[in-house]
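Residue numbers (numbering that gives the first Met the number 0), protein chains in the order written: chain L, 0 to 122; chain H, 0 to 79; chain W, 0 to 247.
Rather than coming from a laboratory, the hints here were simulated on the basis of the structure.
One thing to keep in mind: the hints can contain errors.
[Claimed, not checked] In silico DSSO-like links for lysine-lysine, alpha-carbon gap of 30 angstroms or less:
no., chain 1, residue 1, chain 2, residue 2
1, W, LYS91, L, LYS116
2, W, LYS172, H, LYS73
3, H, LYS73, L, LYS5
4, L, LYS102, L, LYS114
5, W, LYS49, L, LYS57
6, W, LYS172, W, LYS91
Remember, it's a predicted structure, so these values are computed and weren't measured experimentally.
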Amino acid sequence: MNIFLKLYLNFNYTVSMILFLIGLYTIISKSNLIKKLIGLNIMETSVFLFFISIGAVKGGRAPILEGTASQVQYVNPLPQALILTGIVVAVSTTALALSLIIKIYEHCGTIEAEKLKEMEEGR
Amino acid sequence: MILRLDIVLLVFLILIALVVVKTKDLLAAALVFSGYSLVMCIVWQQLGAPDIAMTEAAIGAGVTTVLFIIAISKTFRREE
Amino acid sequence: MKNKIFNQAIIITGLLAFALLSLSAVAEMPRFGDPNNPPNLHVVDRYLEKGEEEAGCKNVVTDIILNYRGYDTMGEVTVIFTALCAALAILKRENFYTSFSLLDTSPNKTSIVVRTIIALMFPLIFLFGLYVILHGEDTPGGGFQGGTVIAASLILFILVFGFRYTLNKLSPKFREFFESMAPLSFFLVGSLSLIIGLEFLSYMLPIFSEGYRLEVARLLLSFIEIGIGVGGAAIFTSLFFSMQREEK
Numbered sequence: 000m001n002i003f004l005k006l007y008l009n010f011n012y013t014v015s016m017i018l019f020l021i022g023l024y025t026i027i028s029k030s031n032l033i034k035k036l037i038g039l040n041i042m043e044t045s046v047f048l049f050f051i052s053i054g055a056v057k058g059g060r061a062p063i064l065e066g067t068a069s070q071v072q073y074v075n076p077l078p079q080a081l082i083l084t085g086i087v088v089a090v091s092t093t094a095l096a097l098s099l100i101i102k103i104y105e106h107c108g109t110i111e112a113e114k115l116k117e118m119e120e121g122r
Numbered sequence: 000m001i002l003r004l005d006i007v008l009l010v011f012l013i014l015i016a017l018v019v020v021k022t023k024d025l026l027a028a029a030l031v032f033s034g035y036s037l038v039m040c041i042v043w044q045q046l047g048a049p050d051i052a053m054t055e056a057a058i059g060a061g062v063t064t065v066l067f068i069i070a071i072s073k074t075f076r077r078e079e
Numbered sequence: 000m001k002n003k004i005f006n007q008a009i010i011i012t013g014l015l016a017f018a019l020l021s022l023s024a025v026a027e028m029p030r031f032g033d034p035n036n037p038p039n040l041h042v043v044d045r046y047l048e049k050g051e052e053e054a055g056c057k058n059v060v061t062d063i064i065l066n067y068r069g070y071d072t073m074g075e076v077t078v079i080f081t082a083l084c085a086a087l088a089i090l091k092r093e094n095f096y097t098s099f100s101l102l103d104t105s106p107n108k109t110s111i112v113v114r115t116i117i118a119l120m121f122p123l124i125f126l127f128g129l130y131v132i133l134h135g136e137d138t139p140g141g142g143f144q145g146g147t148v149i150a151a152s153l154i155l156f157i158l159v160f161g162f163r164y165t166l167n168k169l170s171p172k173f174r175e176f177f178e179s180m181a182p183l184s185f186f187l188v189g190s191l192s193l194i195i196g197l198e199f200l201s202y203m204l205p206i207f208s209e210g211y212r213l214e215v216a217r218l219l220l221s222f223i224e225i226g227i228g229v230g231g232a233a234i235f236t237s238l239f240f241s242m243q244r245e246e247k
């Protein structure tokens, strides 16, 4: 029972791992290309959740400086700066993959991975 | 037992992800994925990251959903 | 059929093993929300104490992404520009004379209620996006956040009013100028300090006297933010135009 209490105290990390596994299952076992892309997006957002939860502080405020000299507790701003870059990379990967999917449909007539494999083996 | 907001939001996130994976209608998957992005934006705000919340709201609900719907309208709507 | 069930069983077994390993690793991590976590100890105190006098912004995240870790942001804008180039190499850019969309040729236009409301709301959303870009130094916001708000408002306008109507106003030649402004503004500001004699992308230029150096640093930061914002908006709008078009 001790491990369940520990998993409950670190609940953000647990949810991030579960979402990662849901995304990984979608990529491996579904055969439609758009479904695989949605699974990739779920995996990426789970990693962002993990990273920002590392820097959270209980009772902390958003990292905007107030100008007073009082000792107020701020949330760690460094993981947030790294994740902004990550979100931009995720959206550009999604846009490029969607344009590739449109071209594959125009060229081959299907977007199921198993049918594409059969077409390539039969050629 | 007091219901804490962040635990409720995170459990909701897992349920939405399961619905997105399970459904066979691709248009429904794209729209529920936009709802996933909205719940993620509220989670960022609860963790004290307003910049990330703004970015995720504008990108997840504004750009990614529209691009998915365009790609679905040019290909199939149902899986298999 | 039996092959398929066998495949599913192997996948689920593998994922359960992975889940067991990762969940037991997660349980041993340091407590969530502890102020004495290892990531909170080493450099963050210096960023929070000296951020305003060394970089000039009250928003510490904007400080970090444009001044302390500026090279990473330069790489990020290069990545999104490269993604636009690759997506335009695959689907060609839309032609000004022969492209149309399915809404233009269908007999039903968008309803008058939607058109009136979007015509009233579009300038306000655009103005909000400009506000988020320009106030990125003292309030939450910044360059890329405002850029995506502007892109969302432009996409909304195009969806409601039609493809050909907007293509006359935002022609491809007009957008080509703004798409490259994001990496270009970084390189211009970096080369400025390189020409004077310091290292690349250092904002404190010794030409100006002591009291004005912080103001000049804030001005250069604003220039880069406007570049990133406008560049991001133009890139998303161009992607939208290319993906939606149909050819005669």
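Verification of the hints:
| no. | hint | result |
| --- | --- | --- |
| 1 | LYS91(W) <-> LYS116(L) | 27 angstroms, holds |
| 2 | LYS172(W) <-> LYS73(H) | 26 angstroms, holds |
| 3 | LYS73(H) <-> LYS5(L) | 48 angstroms, violated |
| 4 | LYS102(L) <-> LYS114(L) | 16 angstroms, holds |
| 5 | LYS49(W) <-> LYS57(L) | 23 angstroms, holds |
| 6 | LYS172(W) <-> LYS91(W) | 14 angstroms, holds |
Checked against the numbered hints above, the structure violates only hint 3.
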